[in-house]
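Chemist: For reference, the chains in residue letters:
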Amino acid sequence: MKKIIVLAIFAVLITQSCTKVDEVVYDKYPATDFYASATGADVALANVYSQIPGNWGGVGYAGADNGWYDINSMSTDEQVVPHRTTGDWELTFAQMYMREWLPNHSQINNTWNWLYKSVFSSNLAVDLLVKANADPSKIAEAKVMRAFFYYLLIDDFGSVPFYTENSITVDKMPQKSRKEIFDFVVNELKANVDLLSPVRGGAYYGRFNKWAGYTLLAKLYLNAEVYTGTPMWAECIAACNKVAEGGFTLHSGAKDASNPLGSKYFELFGDVCPDDETILAIYTKVDVVGRNIFTVRSLGGADGTALIGISAWNGTIVPEDYITKFSDNDIRKHQFRYGANPFGPKPAGFFNYSLTVTNLENPGAAPNDGARSQKFWPALPANGGGASNDFPIYRYADVMLMKAECLVRTGDAASAKTLVDAIRQRAGLPVLANSPTLTDIYNERGFELSWEGHRRQDMIRFGTFTQAHGLAPAVDDHFKLFPIPTNALNANTNLVQNPGYGN
Amino acid sequence: MKGFINDITTFNALQNGDFSKIVSGDINSYKNDRTTVSFLGRVNYGFMDRYLLTLSIRRDGSSVFGENHKWGNFPSASVAWKLSEENFMKGLTFVNDLKLRVGYGVTGNQQGLYPQNSLQLVGSAGQTYFSGSQITNFVIIQNANADLGWESRAQTNIGLDFSLFKNRLSGSVDVYTATTKNLLFNYTVPQPPYPYGSIVANVGSLLNEGIDLNLNGNIIKTNDFSFSMNGNLSLLRNEILELSGSINGVPLNTDYVPWGINSYLIKGQPIGTFNILQHAGKTESNEETVVDRNTDDVIDAGSQSPDRVIEGSALPKYTYAFSPVFAYKQFDLSMLFRGSGGNKIYNSIRSSFSYFENLGKSNMLNSAVPLGLFTSKYASDLWLEDGSFLRWDNLTLGYRFNTKKLKYISNLRFSLTATNLALFTKYTGLDPELNVNGANGFGSDGGIYPRTTSIAFGLNVTFK
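Just so you know, the protein sequences line up as chains L and G, in that order.
The first sequence begins at 0 in numbering that gives the first Met the number 0 and counts up by one.
The second sequence begins at 0 in numbering that gives the first Met the number 0 and counts up by one.
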């Protein structure tokens, strides 16, 4: 006999409601709903600013580690974190100083990611503000910030992917030449800077007002020859003059016993950057908005405990050849700590750092080797994760030196002398005996602006970047641009790597 | 409500509020749901007790996928043939049971997906400073993926079940091959154009194939003494067929995804393949040197560097176990041995403890740094070891007392059980069974808590 068993189950549900599998969101903000309002557009603008403070993961302009600030500062003669003979500190920092970086360098990758995330935020803000019919000054502000990030991109990487609409796909994103993006940035600034608010401080502290916009424009003109081959010194002078209309002055350099480093000058790097000189600052409150790790990262562990009550990281040092250029009478030299009788407080148990460092990589530097920086003397609140010092992106002393440089380069060194002398006198130095030379300007920028993120750009413009300095040997010219990170090349096979980095 | 930027989430996400005196994290709420709808049809058909057929199809929809791909169809079919029932087998008296099975099936997977994974979301991310005050900052915390869909696994299986010699020897052999397509994975994506650095997407496919062998033998069986042995052996091979694809029409070139120290997901290789720099020697200053394979005088430690070389995988090629069981009069004894092999382990902790710079500088024996290395910039194959092992996992010895004459006790057994008795391996670390999964240090030994060896005495009494 045949046995046949047939079993069939058909589950057919007819009612429509039971077969819907649409997503219902209860506890999150879907982007389309969130930004479809005036408050949403404001939040988008605030979010662009939130990209600027430094934080963990190599994000931000300055304040934390492993990002834009480190690659633009450690690749120069002004600072480096050596590998220590105790095995502390990875080599990524010393590789920057020695100019040994490769396209997979983590800090370069972080910088690239941060900049493009910032470009995305700016694009989003511009788009939303335009759609929301926002105040023209806010639209201009978002556009100027986007210009700022593209300026940082061409400064570090040269020719890079360019987009202003977030809907673009990566394969259709063109890699534009350094000059094309330079032109975009300059035109965008020229069209928008005058729309920005002229208010200094208050609601515009830490924001791009008109004066910060002109400073940015001046920076582009100052480096135009590097970016495009054509110098624009006269245009730079004109932009600097526009900044001067903002009524900025040099902050006082008077003695001040209440300041740990003995001078009001160091208020420029304190809790709040003073409005008289500061053009654009990064507001910082540790663990809340960014952080400023620079002094905590530099001091030795127990030295930090003795000086500021915080166990420090024993990281960044200032190379000897950089410090020895400073005059002993220069109040700016107080930013360095070394020797048996250092500047600043000397509590029981403070460290005696040797000025000389003989090795950065293998076996590395002995624990107490290398001078330390206390320029950003930790502002409270502070802890092992950094301090709350605001960071000056642009200040008037920089603009004065930029103008002086352009004057010297265009043959008017006599007019430049007043500007340079004012900065020297504020620092407790005598005026120059003669009109300044380009070398004088270059050195003065080193004295005035050390650890403020300008050094790489300055060294490239003055032709010193690839020369030997300190423990770093001379290197090939291709190091004047950072390589496009391996991750970016892998993601977009249309990208062309910068010369000298393989591919 | 006060302190909320808008009312979109009502009371479902209280942490979005800005209660100035309350520390963020003090208040929390969440609400989400996952809707899954399934249609299922199945046919079972048996013919002459010899041929068995099963067919099924299901159509599943889930809310967690993107709006373009919420539904998937998953068919399966299997046939079994009881060979031992056939007339031509009747003459083979030593065969008690013989059955051939062939199956094919597709299954869908939504594991690992959280509700709302396909939507572009905005979330608060700490504070920022704007217009003269600290305000809550909002950022995009997830990329949209309208194409997010089912991961599917298509498996073909051929198996043979047998029982021979009066059921003294029985077992099964299975050969299978399975291809997983549209793998669900949290991919790292480029930042242009994505606003967030990763996206949950279906890209890539994976092949798993292998042979499973099971044998049970009652080898000796007398009145007083019996000895049986159970064993199994699995051979497995795994290959990443594809990692790249496209998301929302954007090509995504993914390869060499980091999966552990020196181990990666590489197209055409098993999961967790070691792609590693080769140890060469050391410099005069006792710094490790590695082989510059492309002889360009630059050691590139990047994941796709030509200086790296593929040296095996963190996944075992075979696993096996066997368990002998003895019984003699009232004594019984059983043991379990198991092992695996064909895999490599990156001995990360040994590397750390082998550089002089990481150790104390005085009162130290020379034997602590036998290689004389002071430091290394690299994580080379010097620390890559064979991870094969055999573990004597269990021993149970028992004695059953004769309780026939006892008035109150029906059963009395005394036993001794020991676990983790011995480990046979060439691996120099503490234990080659690392117990790490996923992309977190896959195949590397960063130090584990040692496995304990235990010995337990037991007394089992059953009262009448």
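Treat the hints loosely; a few may be bogus.
With beta-carbon atoms standing in for the labels, derived distance ranges [what the hints assert, rightly or not]:
1. G:Glu310 / L:Trp55: 32 to 40 Å
2. G:Thr155 / L:Trp55: 46 to 54 Å
3. L:Gly338 / G:Leu370: 52 to 60 Å
4. L:Glu89 / G:Phe423: 35 to 43 Å
5. G:Phe423 / L:Asp286: 30 to 38 Å
6. G:Gly445 / L:Gly338: 38 to 46 Å
7. G:Glu310 / L:Asp329: 52 to 60 Å
Result set (DSS-like, lysine-lysine): computed pairs, CA atoms no more than 30 Å apart in a straight line [stated by the list, open to error]:
8. L:Lys171 / G:Lys266
9. G:Lys316 / G:Lys266
10. G:Lys266 / G:Lys376
11. G:Lys328 / G:Lys220
12. G:Lys30 / L:Lys171
13. G:Lys165 / G:Lys180
14. G:Lys81 / G:Lys180
15. L:Lys19 / G:Lys30
16. L:Lys345 / L:Lys263
17. L:Lys175 / L:Lys479
18. L:Lys479 / G:Lys376
19. L:Lys19 / G:Lys266
20. L:Lys241 / L:Lys178
Because the hints were derived from the structure by calculation, they are not lab data.
Think of the CB as a built atom: it goes at the ideal place given N, C-alpha and C, for glycine as much as any other residue.
Chemist: Could you tell me whether the CB distance from G:Phe423 to L:Asp286 stays inside 30 to 38 Å?
Modeler: violated, 51 Å
Chemist: G:Lys266 and G:Lys376 were given as a pair; does the straight-line alpha-carbon distance stay at or below 30 Å?
Modeler: Holds, at roughly 27 Å.
Chemist: Take a quick look at whether L:Lys479 and G:Lys376 sit within 30 Å of each other, Cα to Cα.
Modeler: Holds: L:Lys479 and G:Lys376 sit about 25 Å apart, inside 30 Å.
Chemist: Quick check on a hinted range of 38 to 46 Å for G:Gly445 and L:Gly338, using CB atoms only.
Modeler: Hint holds: Cβ distance 41 Å, inside 38 to 46 Å.
Chemist: Quick check on a hinted range of 52 to 60 Å for L:Gly338 and G:Leu370, using CB atoms only.
Modeler: For G:Leu370 against L:Gly338, whose Cβ atoms are near 39 Å apart, the range 52 to 60 Å is violated.
Chemist: For the pair supplied as a hint, G:Lys328 and G:Lys220, confirm whether the alpha-carbon distance does not exceed 30 Å.
Modeler: holds, 12 Å
Chemist: Going straight from one Cα to the other, do L:Lys345 and L:Lys263 come out at no more than 30 Å?
Modeler: Since the Cα atoms of L:Lys345 and L:Lys263 sit roughly 19 Å apart, the hinted pair holds (cutoff 30 Å).
Chemist: Can the restraint linking L:Lys171 and G:Lys266 be considered satisfied, given a maximum Cα separation of 30 Å?
Modeler: Given that 30 Å is the threshold and the Cα spacing comes to 25 Å, the pair holds.
Chemist: Regarding the pair G:Lys81 and G:Lys180, is the alpha-carbon distance no greater than 30 Å?
Modeler: Since the Cα atoms of G:Lys81 and G:Lys180 sit roughly 33 Å apart, the hinted pair is violated (cutoff 30 Å).
Chemist: Check the hint pairing G:Lys165 with G:Lys180 against an upper bound of 30 Å on the C-alpha distance.
Modeler: violated, 44 Å
Chemist: Check whether the Cα positions of G:Lys316 and G:Lys266 lie no farther apart than 30 Å.
Modeler: holds, 18 Å
Chemist: Check the hint pairing L:Lys19 with G:Lys30 against an upper bound of 30 Å on the C-alpha distance.
Modeler: Roughly 19 Å between the alpha carbons, so the hint for L:Lys19 and G:Lys30 holds.
Of the numbered hints listed earlier, those contradicted by the structure are 3, 5, 12, 13, 14, 19.
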